Structures are given as structure tokens and as C-alpha cells.
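Based on the hints, put chains B, C, D, E and F in the right spot on chain A.
Residue-level listing of the chains:
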Amino acid sequence: MVDSVFIGLSIITVGSAILSLESRELLYGGIALAISMLGIAGYFIILDAPFVAMFQIAVYVGAVAVLIIFTVMLVRAPNTVTKKETRKRKIAGILLGLGFLVMAGSILGNSTVTQLKFNENAPVFDVQAIGKGLLTYYSPVLIVLALTLASAVIGALALARREDIEERNEPTN
Amino acid sequence: MGSLTPDFRFGNFVGSIVWLVFVVLALVTLLILPIIFFVLFYVPLPEVDGEVLTPYLFFSMMVDPSRTLPVVQFFIHTDLFRAAIFPGFGFAALIAAATIFIERKLLAKMQLRVGPLYAGKVEGIFQLLADGLKLLTKEIIVPSGSDKPIFWLAPIMFVSTAAAVVALIPVADGWVVADVSVGLIAAFAILGFFPLIALLFSWSSNSKYPFIGGLRALHQMIAFEIPFFLSALPVVILSSSLNLTEIARSQNLFMNIFILPINAFVFFISSLAELERIPFDLPEAESEIVAGWLTETTGMLYGLIQLGSYLKLYALAGLFVVLFLGGWSGPQIFPPELIPGAHDSNLPLLQMLALDGLYNPVTVNSIFWFMIKTIIVILLMLIIRGINPRIRIDILLHTGWYKLIVLTFINLFIVLMLIYGGVIGPGGLISIR
Amino acid sequence: MNQPTDFLYIAIILISIGIYGLVVKRNALRLIFSIELIANAVNLALIAFSRMLPSPEGQIFVLFSIAISAAEVAVGLGIIIVAYRFYKDIDITEYKNLKN
Amino acid sequence: MDKNSTKTTQENEISLKEEDSNYPLSNTLLTSINSNFGDNAKIVYKKEYRSKIMVKPENLVETALFLRNNHGFDHVESASGTDYPADNEIELNYHLGSYSNIDYYPYIVILSTRVNRDDPKSNSLINIFPSVEYHERETYEMLGVYFLGHPRNERFILPEDWADIPPLRKDFRIKGR
Amino acid sequence: MNTATGYIKALQSGTKHVVMKRFTFRYPQEKLKFVGDGYQFDPKKGVGIAGIRGRHILFHDKCTGCQLCAIACEGIAEAITMVKVDEQWKQNKKSIMPQIDYGKCVFCGLCVDACPFYALYMTDDFELSSYTKSHLIYTPAQLAVKPKYDGEVEIKIGKRGAYHGR
Amino acid sequence: MSNIEEKISEAKKLALQITRETEEDRLMTLSVGPQHPGSGHFRFVIKVDGDYIVYVDPDPGYVHRGHEKMCEYRNHFQNIPHLERPVIHDSCNITYSYSLAVEDLVGITVPRRGQFIRALASELSRLSYTLYWLAIYGIFLGHSTMFMWPAGDRELLIDLLERLTGARITNAFSIPGGVRCDIPNNFKEKCLAQVNYFEKRLKEYEDIFFNNPLLRQRTEGVGILTKEDAIKLGVTGSVLRASGVPFDVRKVEPYDVYNEIDFQVQYMKTCDSFARAYVPLLDMRESCHIIRQLIDKMPESGDVREKLQFNIKSSPGETYKRVESGRGALGYHVVSDGSPKPYRVKASVGSFRNLLALPFLLTGSKLGDMPAIYWSLNYWPVEADR
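Line by line, the protein sequences give chains A, B, C, D, E and F.
Sequential numbering from 3 applies to the first sequence in the numbering used here.
Sequential numbering from 33 applies to the second sequence in the numbering used here.
Sequential numbering from 349 applies to the third sequence in the numbering used here.
Sequential numbering from 2 applies to the fourth sequence in the numbering used here.
Sequential numbering from 140 applies to the fifth sequence in the numbering used here.
Sequential numbering from 102 applies to the sixth sequence in the numbering used here.
Chain A extracted, bound-state conformation (with noise of 0.2 Å):
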């Protein structure tokens, strides 16, 4: 049961990370793209982690893919598929690419990583461990990347803001 599963996701997941690149629009990269983010949340809770599962669909989907395709409705690239994308470097990725795989992927075959096995009796972690670890070991991880998160929103506010319509808009507020 779980193998079909799983194999419809690996389908889902790699057809639509292929198509996020390779579409020809744009758009629809970024629907793939969010597809392919389901997907991973698919395994995720496969691998009884709901709760990142679910954080994983309310950032990626409510949040990125939101983001991304706003993004690119704002830019409105006349055509994706641009000219100076040669042919020989698209050679070169697709060597590129198959090389690391068969490299990463013969390494894995050959290493004792393939005998270990899921453990089916080992406790499953629910809401509370992650909350005990996040709040006492990683506490300081989590001001920080609170810290950083914050920062990265003032920058992009920052980045994208637009000085001449805050000028017009002040006296008139």
C-alpha cells in the first residue's frame, strides 16, 4: 500500500520539479514548482512527521508559491524560454546533472547506508518533542532565525518599496 504510494509520489514530485524548470511558461513553472512542494509534504508525512508535512504546505504553498507567482505576474517576461540559453550549456547541465546522480548515486548503492533499515517499533515523534527541543536546546537557534526572518522581510519590504509613490502618498494620508 505504502510503496504505490510512494511511487505516485516520486512520479508527482520529480515530473513536476522536471516541469518547474522546463515549462514554457513561467507561471506554470511556478504552479509545478508548488506541485513538487506537495509532494515532498507527501513524504514528509509518509515519514510520520505531520507537523513539518503541514508547516511545509502552509510556508511553501501559502507563502512561497504565493510569493513566486505574484513575482512573476509582476515581471511579465515576455518569453521564458530566452536565446542566449545555447544549446552546449544545456549539454553541459544535463552531463553535469546526470553525473552527479550516478556519482551520489553509485556512492549510495555501495555504501552500508542501503542495510539500514526503518525501525518499526521505534516511538514516533510527535508536536510536543519538537516543541521541548525547539524551546530548550534550540532556543537560541530560534531567536536567531527569528532574528534573520524578520530581517529578510524588512529587506525585501525594503528592496521592493518604491520611493517616489510613498512621497506623493504622505500629504495626502
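Treat the hints loosely; a few may be bogus.
Stated by the list, open to error - When the alpha-carbon atoms are kept at most 25 Å apart in a straight line, the in silico BS3-like pairs for lysine-lysine are as follows:
id, chain 1, residue 1, chain 2, residue 2
1, F, K304, F, K291
2, E, K172, E, K272
3, F, K442, D, K176
4, E, K148, B, K141
5, B, K137, E, K295
6, D, K176, F, K170
7, B, K180, B, K170
8, F, K352, E, K183
9, F, K148, B, K240
10, F, K291, D, K171
11, F, K301, E, K148
12, B, K141, E, K295
13, E, K155, F, K301
These aren't lab readings, by the way, just hints derived from the structure by calculation.
Nothing here was measured: the structure is a model prediction, and the numbers come from that model.
Structure of chains B, C, D, E and F alone, referenced to chain A:
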């Protein structure tokens, strides 16, 4: 002074009715019965009277009605039934339909009108059916230059996403389609799909007004998502669980709304904004941007989005009830047996009428109280629509980003104070469990 | 039944797709897509190991990782919008004189 | 009929010398007009709360300016024109009213001028009364009077493909009439 | 605080109306009761008698075929044309009578004001719809028929608000 | 203080500058009307920059029928049914001032009872128009109840008008020489009962609409037309009174019997959209008051109409008469050459004069304020086009 059209012939009229009957009969024998048989071969069937029911024996229920009870009992506990009929889509769609009708009648009453009146003799109760049929037969106009796949898929996505939220809402103990351990987060994660759908649909219809409407929908939903999350946070602290069933069960002593009134208010306001209902129906403000992101919808596409938004209404009302109004808890008012003494008697008909083996007083009571509370919340949402004008986008954003977020924090700190002061929470004066 | 290696293979496939995108694509948004794919593949591997060990640290790391990549996307998209406003294009080969 | 009408306006002229105590407002206003402009501004008639002043096209702007600055006539209720084909003239009427001078609330001065019908051109009052903008634009398309200094002498109310003579001229006939 | 009271008042005002009487006038089932028998005119006094201005009624025994109604209508709607009738009347030598096209008529009633012989009045009947335009042209014979109209509903003001009732 | 020329030129300069330097994706041109649900028979082209309107160009004329030209082909009585077409809801007022002008030209006075009935019809008609306007203002701001209530209560007044004049909207009631017919039996009691009930309803309107905090947020401080600007733009009616100028033709230049009636001119000094919406409500209260006085002071019997020939010839000359309609001062400039037909008729209508304030107020405001500003100007497109 109505009169019939000049080319009316009584013979034609009778002929058309006869033809209709014939067509229906032919369809039933040639299509519907084979399909039922075909389905029955693949559906696992229960054991009745000591033998496994086969598709051929299935129709013996027609002769012996008492055999239906075990079958019904079997089907009621299958996942398919739960997802499609009772706590899931069918039930929610029924409530959505009832909500649309009640909304129209209530608003009409408030506005000194009569509302739907003619369809279905009694106060127009079949108006929705008539509207649905009309929408079904309407031509679907796809604007030229639109992005066709997204344009067709988005309404369907809208309905299915709304149904996914509905699937998370428990109506009684154990009566929920998907009992996820992180149900609350799941609900919020799925609600995050809606801005994406609205944005994609508005973009795909290749028109200016929908695009402005889509942007407004995006702004509005993102601005209200944060107070929406935050207002549910103290509930999680109080019940120390993310599972919706657990949250509802933890309120058997008192409802959360007594301790979290401000958060309940914020949640209610945010869910109104999330639902795009008046006073927050800016994405569909017809006097500014025609119909917002729904401008180019026609026929059943519009119907689907309407259905989806009312499903969402039910889902959010249910969520409100689960989070703040104690879910299904309430005094037991249903008797232990539907007809006293039916269980012991051996009359099959009496047993069937008393729904012996099916009737569970606790569950029925839970569903009853849940429904009562949900209906009250829905009515409140409907009345709000009657008395309010639409507000402006900048006021809305200001409300969402500044006022509501601050309000949620006030109540969050109160709850924390109570917990650390040892009044509530684990080991407190008032034990929740 | 699935084994940890299955998930790791999927992660490797996703990473190689990401590498391919990074090398071939000249569209700034597609580059961001590639980066996101690689980040997600790593998350997948982390969760798989966390399930295998079993240890909650893997999930905690993934939460951090997701948050950081969200921040990164926000800034990246901001830069793309600014660059688009200057160059009227999102092709990175056009961005020759970002220095001034 | 056209001859008749032109005669009437001249017959109805009222001389200012004739003392009339019934209309005190008219008297003060018209006296001050008369003392400032003399023969350049003819008084066509005066009634209670109404009076009509006929000026030459070149004096239009200064009369309007005088009325605005000295008597508080600050807006235009309507600006219109009447076509007199017999005289080969078009009469322009500005109905000036006052919101700032409480004495002149009920009063309306009809400032009027006559321009040549063949090449109607007149100075625009838009710099004196901003409220005249759409009225003059309407007069332009309805009677064909070109207003010098008006920023938009162009189509306003008529259909976009209007290709006939201006419709309020007397030689434009409604079909079938 | 002002905001809260304003909002509560609005809420109260809205909910109060749920129990008020419906004001809607259900047209085909109920019909309005009108004043009098329709608009009539007394040429001697020169004043009309109030009434609804529905379709006309023509008294053949009084019509002289003077065309005054047609002249009055000429600048307004051009709905009235004079047609020849087969009947012979002493006062109507030319035997012409008005024929009214209700596709054009604006129901201003100035033709009634123009008739000096008490021949043309207006009635209560306003339900004139038909399937074709030609059915809207009423000949003098059709105009002579007095229509039957039974409206009995009018606005009543009760304790629970105004409503349309008998 | 802000100077209007400066403001206009500034806005135009800004618009020009923006149009010049714009990339195509900055400004979005929206056509509001004629098929837009928030416009009526009217269109204005707006350009929005984000949420801000930077350029407005009104384009009326969709329902232009050339009434002024048509009037030259018909005699004074035949003009009456035509002249009321532009505002059929306010038909008693729009024919009122034409009747006054013709009476002035012919040189007659209306019998006293006729004057009272005419003023009564005018007040009822004004109430009915204002309610219609208010209903649309409600639905423009998304308040569906405020659409249904005034539209329903308008029935009370239409019922009275129907009893009085014989038609529900196109009344053709005020004619040169008086009114068409005397009031029917029991009219006074009926009128008093319904008007009193209606006045009670106005309080409910205030509760649910005008005092609703959401509406206040939406309209207060929006579209400010200061007193100086209002005077310079020459606006009229409720728009002018909302800007703090107590100008009402009924008071400043009383026609017919209005000098015997005791009433106040209602005006507000906040100059914003809310004031423009609230002044009509105050006016409606005052109208109810006036109606009660009119019924009280009306002579018990007497003529209602000065008998005039159908083809009455007016004396040569010209006149300008105005009344206070639902949309402000409504004047008719009638030139006569002695024939039964007028030589020239010019209508100076409130809607056309208020139109000038539309681009002035909309430029620089938000898109969400557009309905709140546009409909508060009391602009009736059909009347402006004539």
C-alpha cells in the same frame, strides 16, 4: 392577464410528458441498474444473517426491509461514507445549501422583502434547486486570451480545497473524516491555498477588474491570516493539543469563549475576512471593480465557487464552534432508546423503526449540539451581512495588521498569566482534563 | 516497505535536477526554483534520517531550514523585482553592471 | 419669427435713468455697472432679482472680472447661447450667481454678449469662473462658438461620430419636423 | 466607545426588523386600489378629477371627430391617429374617431385635457402587455369597452410597520 | 488655504508627468461605465497608480436626447411630458420651474390653492427622488439593507403621488397655470399618516446606516470639498450645503408659497462625503415638516388651475426661473418670440453643475473611495445629458 402562447397544443404537451417517462425508464434499465451491479461487485459487502451479502442478495432488501439495518450500519462506518456523505462533503453541501436559502430569507425579512417565493410552493424552498439548474444550463463563456487550464481548474480546486477543510471538522466524538494529529495546523495550511487560487483565477481570466480583485483577495487574506493563527494559539495552550477532537474534548468543563472572549472575537472577524463576506467582500466589490475576481465567471463555474465559499463558511463556523464553543458538549437531551422497549421486543418492524443498533444517544446528542452551535454562529455571520456596509481596503489592512494582532496578544498574555498563576492548566485550580 | 535509501535516491534525483537548472537556466526566477528544489531535497533526506535513527532533531532542523529558505525567497524575489525595474528583464546575463 | 425676436430684445431695453424703487438690488448693481462701463454695457432688462447686461465681446472678460471682484458673483449657473440667424449673431448668456455675498443670494445677473455667427469666437471666462468649464465646452459643441483660452474645445455630450453642424443652431432641423 | 454603541444600535435596528411586517406588494396576486375611476377632465371648470392614468375609454356617442386629441398628442407621443369608423352618429359627420397606439403613448393625459366634449377619459386599466406590437393598437371599438379592474389592496400603517393590506 | 487653480494645475501636471515617465505597467486605465455596475448611464475614464486615482476624464452623453432642441418644436403644454423625462423620479420639480418660467412670460399668477398643491407635489417628488438616491448610495457602499429600505419606503410617497397625480413616476402634474387636478377625498389624512410614518423610518436609517461606525470610517474625511472650492466650482444642492453654504432656493428666493412656510436650511460644515450623504437625510426631515405645514395651511376650496388655452401665446421676452429640486437649483432660461413655441429653452440642472466636482475630488483619492465620492455628488447622468 396571462395567456398561453398561440402555438400551444395539448397533444404536444402530453406527448412530451410520455416521451420523458419513456426516456427515464430506458435510462434506468439500460444504464443505472447495470452501473449499480457493477459497483456492487467491487464494493466489499457486509455479512447479514450469517452469510456474506452478494450483489444478487443485495436486492433481497427490497423484500425484507429489516435486512437493511446491518447494511446501513456497515456502510456508515466505511471511510467512503464518511468522506462523501455524513461528516464530509454531502452533509456540508446540504448545510451550505440550507445556509444560502436561510441567508436569502433572513436578509429578505430584515429588509422587509419576501425573498424567494415561487419556486416550490412553500416560501420558495426549491429556489436553490432552480438556481442550480439555471446555472447548469448556462453557457460557460471563456474569455479570449484567458489561460484555459487554470481558468477551468481553479473553481474545481476551490471546491475541493473547501471540502478538504470540511473534512477536518469533527462533528462528534470520533465522527470526523480525517482525524489528523495536527488538525488545527492542517486547517490553517489548507486555508492558505485560497489566496493562491484566487490569484491564479483572477490572472487567468485576462481582464483588469478580476486582476485588481485577485490582488485585493491576496492582500486581505494574507493580512488576516496572522491574527487568524494567533487567535487560535491560546486555545492550543489551554488544551495542549493540536488535534481538533482533543481540543473539543478538553472543553467539557467550560467553553473557551469564557476565558478567551477577545480571541473569539478576533477569530470571528478574521474568519469573516477569510470568507470574503460583507463587510470584507472587497475582492467582489461590485461598485468599484465590477465583481472582483469573479467577474469573468459564468454558469457552473460561478456555481462551483459559490458552493465552495459556502462550504468554507460551514467549515469556519464549525472551527469556531470546536475552538471556542466547546464543540459538541451539551446536556444530554436524547433518550437512551428511541422507542422504549424496542430492543427487547422481537417485532422486526418495531426494531427497524427504533433504529436498533444504529441509534446511539450520545452521538446523536453530540451532533445535535454541534449543529445548534454551528447554526447560531452561521446566523451571526448572516446578520452581520445585513447591517454593514463594505469597508475600504486600507482600513481593512490597517485593522488586520495593527488592531487585531495586538488584540490577540492581549488575550494570549492573560491566558499565560492565568496558567503561571496556577489558576488553569495542568495542576491548576480548575483542572481542564 | 520503503527503506531510507528510497528517499535518499529521490533526494539525489531532485538535487541533480536542481544542479541542471542552476547550470542551464539564465532566468533569475528559474534559478530560485532550482535552489528551492535542492533545499527541499535536503529536507527530505533529513526527515528520512530522523525517522530512521529515530531522533526529533532532524525535524527541528527541517523547520529551521524551511524558515530560512522562506526568508531567502523573500529577499531573492525582492532583488529580482528591483533588478527588473532597472533592466526590464529577468535574464541574469543582462545584469552585467550590478556593481554600480 | 426670427425677425420678431430680434426686435423684441431691442424694444424691451430699459433705460437706467428711470428711477424704480421696487428693485433696490438691481439698482445698486446696475448703477455701479453703468458708472464703470458706461455705454460699453447696455442694460437689456431688469426685474426683481434678475437683470441682463449686454456687453461687447471684447469687454466680456473685464465686466465679468468687475462683477466677481466688486459684487461677489463667484460662480456661473449656466452658460448658454442662443442663435439669431436674422442678425447673423449668436448671443452668449452667462447666468452669474453669488454664494459668497449673502445679499446677492437670490440675484442672478445675465451677462450677455453677441458674437458673429459665421466665425464665432469669444474669450473664455474659465480663468475668472472655473465653474464655466463644462458649460463652455457644451456651448462649443452645441453652437460652435470657439472659446479662446479654454483648454478643451472638444466634443463633450454629442456622439463621438457627430459630423453635422452644431445642433442648437437654427438651421439644424430635426428630421421629420 | 462611540463605535461600540453605534454598532450595537445598528445590530439592534437590523434584528428588530426581522419581526416587522413585510412591505412587499405581491403584484399579480394583489392589486392596488386606486382613487376614483381614472383620470377625468371637466372642460367647463377647466380642472381634472384625480385618478390613475391608465388606458383610455372613448364614448362614441359624444365624440365629434374634432381631432383635438390628435393635435395635442402630435408634439408628445404621436400615439393618436384618427380613423374612419362604420358607425353613424349625428354629431360626428366625418365619422372619424381616435385610435391609440399604446406602444407610443406616454400616459400624460393631455389628450383628455384637450377634449371639450367629455368623450375621452382614462381608466384604471394599466395591464396592456401583449405578444405583438400590433395588438397594442387599440381601435375605437376596443377603446369603447369599459375595463374591469378589481384592486383592493392599499398601504396600511399598523403597529408592526407599514404593509399592503385590504 | 488651498487654491483651486493651483490644485487643478498641480494635479494635471502630476498626471502629465506620470503619463510621460510611465512604463506601461505602472498605470492601469479603467473604464468606469457605461456597463460598470457603479456608474449609471455615464462613463468616466480613470487611471489608477496602484490604489490611487491619478487621472479622471468624465465622458457623459450616453443618454443625450437633445431636449433643448426638441422644446423649440412644441408648444408650452406639449413640452411638459418631454421635460420630465430626464428625471422621472423628480418629475414634479423639473416641470415646476418650466411652468414658473412660462407663467412669468405669459404674465399670470396661479390660484392660491393650486400653488399649495404644486408645492406639495414638489415636496413629495423630492422625497421620492432623495430616497432613490439614498438607496443607490447604500448599495454603492455595499449595504444591501440600505438599498431595500429606502426603495421600499419610497412606495409610501409614490402611493401619495399616484393618488394625487394619477401616475406613479412620470407625473406631468405641474403645468403652466397651476396643477392638473384637485386633490382627491381623504387625501390629507392619508398623506399625514404616511408622511408621519415615514419620518419615523428616518431614525432607523440613521441607526443602521449613518451612525454605523463602518460607514463613518468609510465616508468621513473622504472627498473633502471645502467651502471655497465648492463656491468656485459652482456646485449646488446638497453638495453645496454639505460644504457649509446655506443656500436653498426655497429660502433665498421663495417661489409660490414658500415664503409662508417655516423651515430651516440644513447644512453641514464637515465638507466630506459623509456630510454630502447626511444633508439629504436632514432635508428629508425638513420636507416632512414642510408637507405637514402645507396641508395645514392649504385653503379648503378654490381654483387649482388658471385656465389657459392649449396654444397659449406668450409675450416676447426672456426669463430665468429656478426651483430647488432634489439635486439642487434647477433653472430654466426660456426665450420667447411671441409664438406658442419657445424660441430657446436652456435648462441649468444641478447634476451638470455638480459634475465639475467629480474630477476635482477623484484625482488623488483611492479607488475604494470612488463610489463613496461619485454618488455623494448627487449626480444623475440622464439629467446632466438632457
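Evaluation of the provided hints:
The suggested pairing of K304 of chain F with K291 of chain F holds, with an alpha-carbon distance near 21 Å, which does not exceed 25 Å. The straight-line distance between the Cα atoms of K172 of chain E and K272 of chain E is roughly 28 Å, outside the 25 Å bound, and the hint therefore fails. Distance hint between K442 of chain F and K176 of chain D is fulfilled; the C-alpha atoms sit about 18 Å from each other, no more than 25 Å. Of the supplied pair hints, the one linking K148 of chain E and K141 of chain B holds, its CA atoms being roughly 18 Å apart against a limit of 25 Å.
Using a Cα cut-off of 25 Å, the hinted pair K137 of chain B and K295 of chain E holds, with the two alpha carbons roughly 23 Å apart. Of the supplied pair hints, the one linking K176 of chain D and K170 of chain F holds, its CA atoms being roughly 12 Å apart against a limit of 25 Å. Proposed proximity of K180 of chain B and K170 of chain B is supported: the alpha carbons are some 18 Å apart, at most 25 Å. The hinted pair formed by K352 of chain F and K183 of chain E fails the criterion: a straight-line CA distance of about 37 Å is larger than 25 Å.
Proposed proximity of K148 of chain F and K240 of chain B is supported: the alpha carbons are some 12 Å apart, at most 25 Å. The hinted pair formed by K291 of chain F and K171 of chain D fails the criterion: a straight-line CA distance of about 49 Å is larger than 25 Å. About 16 Å separates the Cα atoms of K301 of chain F and K148 of chain E, which keeps this hinted pair within 25 Å; it holds. Straight-line distance between C-alpha atoms of K141 of chain B and K295 of chain E comes to about 18 Å, which keeps the hinted pair within the 25 Å bound.
A hinted pair counts as satisfied when its Cα atoms are at most 25 Å apart, and K155 of chain E with K301 of chain F qualifies at roughly 14 Å.
Going down the numbered hints, you'll see the structure goes against 2, 8, 10, while the others check out.
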